[in-house]
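**Q** Sequences and hints are given; from them, build the entire structure.
There are 4 protein chains.
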Amino acid sequence: MSEEKLLNRSDYKCFYSISTRWTDNDIYGHINNITYYSYFDTAINQYLIENTSLNMKDSPIVGYVVHSNCNYLSGISYPGIIDVGIVVKKLGTTSVTYGIGVFKDRENRASAYGEFVHSFVNRSKKKSVPIPDNILKSLKQILK
Amino acid sequence: MSEEKLLNRSDYKCFYSISTRWTDNDIYGHINNITYYSYFDTAINQYLIENTSLNMKDSPIVGYVVHSNCNYLSGISYPGIIDVGIVVKKLGTTSVTYGIGVFKDRENRASAYGEFVHSFVNRSKKKSVPIPDNILKSLKQILK
Amino acid sequence: MSEEKLLNRSDYKCFYSISTRWTDNDIYGHINNITYYSYFDTAINQYLIENTSLNMKDSPIVGYVVHSNCNYLSGISYPGIIDVGIVVKKLGTTSVTYGIGVFKDRENRASAYGEFVHSFVNRSKKKSVPIPDNILKSLKQILK
Amino acid sequence: MSEEKLLNRSDYKCFYSISTRWTDNDIYGHINNITYYSYFDTAINQYLIENTSLNMKDSPIVGYVVHSNCNYLSGISYPGIIDVGIVVKKLGTTSVTYGIGVFKDRENRASAYGEFVHSFVNRSKKKSVPIPDNILKSLKQILK
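Chains as they are written, first to last, in the numbering used here: chain A, -12 to 131; chain B, -12 to 131; chain C, -12 to 131; chain D, -12 to 131.
Derived from the structure by calculation, the hints contain no laboratory data.
Be aware that a few hints might be false.
25 Å max Cα-Cα, derived DMTMM-like pairs, lysine to aspartate or glutamate [to be verified]:
1. 113(C) <-> 45(A)
2. 76(D) <-> 92(D)
3. 113(C) <-> 92(B)
4. 114(A) <-> 45(D)
According to the in silico footprint, chain C covers these stretches of chain B (three or more CB under 8 Å from chain C) [stated by the list, open to error]:
5. -8 to -2
6. 48 to 57
Even for Gly, the Cβ is constructed at its ideal location relative to N, Cα and C.
**A** Dropping the structure here:
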């Protein structure tokens, strides 16, 4: 886990807009803590699907999540659109650490930020493998 | 439950765009059956929040869901944006039946359609009450 | 959609206990309307997995949900365990209609009840097919 | 964030059994990474609700989640029951850090483990406050 805080929009390389949902709100009327992680993997997987040949359904090599964390700074509520910024913080041989920031519409300071680590695995052999070249290339494009 | 099928975009009065999420996909790679209902109440509550004084957190009178149904016609998958159309099919004294249609981007024929019934209730007394005037007025604006 | 109301425990053939979750609660402090459908397919799929050779991941023939509905009679809240009763209401050649009832611990009257329709499909050909024999046999065991 | 790894059942003070759900499974047939966090706050909130006067709906002082993290060691799949162990790792004046471990039935080694930090806040003033005495007392009972 890196301790570096990525708090501003300028810390991120690529953004996705996600519409909040009524059920995202908890009993306090704020997006619940769990839902942020669904924003995280929605943004990261969209980047991978659109920029690599990764196909979660059939690819022999896939990225399994081995770690995630989130720091919650200020509340967000449905309804509304949020922007999710992603960046590659660390690129290893078999794994990648993404930084993710969740921003309210038009705000520059993150409402929440965190990390997500994908470890690449040969699905049938269940063994760790190097990040495939075409994925590596796409990850480098959003490397910090 | 009305048997009338609202299959086309022209059957609906008001639309909301919702971004699909990675976790919406099930083991078959399609949006799972449950998630459609989260599209339903996201669209309906957004209409109510934006067009009436309804405040889910503090309003003394709120709409409780007493019935919902959905018919699944064709699969949708993350990633992508869907359009959710809503219309008021039936307006009673204390309850309202919404029709909802879920459309893939640029498709005119619904991928799924269903109903959602709100019954208005005095929250503290837990008693059925007439639909408040300002909500009734907004519901009439999208009456079929 | 059948109009028959299955309101009592004695209307169901098989029960599963499900633990409620903190996030099941909505802003009103009750299990939200969507979550009931996750109870429905958790119970039905568990019956199928435990009593047939159905394997959602690899089976060439799978059951797709083509319709679902739910009637909400009284609120349930986390924390606590609920019992979900299932029964086969209608058994066709290619599809099955389940009845489902959600019961609070020790209550005989359902808090919610609804239906769920599986249509069996050849996954690769995407064509409707007769319910496989071993599944048919298991479904008959919980036929109303 | 503490780096201490709590990997065994004996590292935890209190356990809750949670039934997995069909929708917990992702496209790979394993519980998806997000759902673990719903296990976390289901277990922690159940402990607080059962052992303190905390009432999420009406209490003037509530615990907001300010940080969470999870390390995923081995896959779990629906159907089945999991055990969630909790322990208080760090008890500050205004916040508490819980350790959480997710265990498969009868396994001693965690499938996943992580942390969850509650910061106590006066809801109307939105200001950090000391942990109320009766909650502090209950948290001490599961202090590592």
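**Q** Give a verdict on every hint.
**A** Hint check results:
About 17 Å separates the Cα atoms of residue 113(C) and residue 45(A), which keeps this hinted pair within 25 Å; it holds. Note on residue 76(D) and residue 92(D): the hinted pairing holds, with a Cα-Cα distance of about 24 Å set against a maximum of 25 Å. With a CA separation close to 22 Å, the supplied pair residue 113(C) and residue 92(B) stays within the 25 Å bound. In summary, the hint linking residue 114(A) to residue 45(D) is not supported, as the alpha carbons are separated by about 49 Å, beyond the 25 Å threshold.
Residue count for the segment -8 to -2 of chain B with a Cβ under 8 Å from a Cβ of chain C: 0. That is fewer than the three needed, and the coverage hint is violated. Counting residues of the segment 48 to 57 of chain B whose beta-carbon sits less than 8 Å from any beta-carbon of chain C gives 8, enough to reach three: the coverage restraint holds.
When held up to the earlier numbered hints, the structure conflicts with 4 and 5 and fits the remainder.
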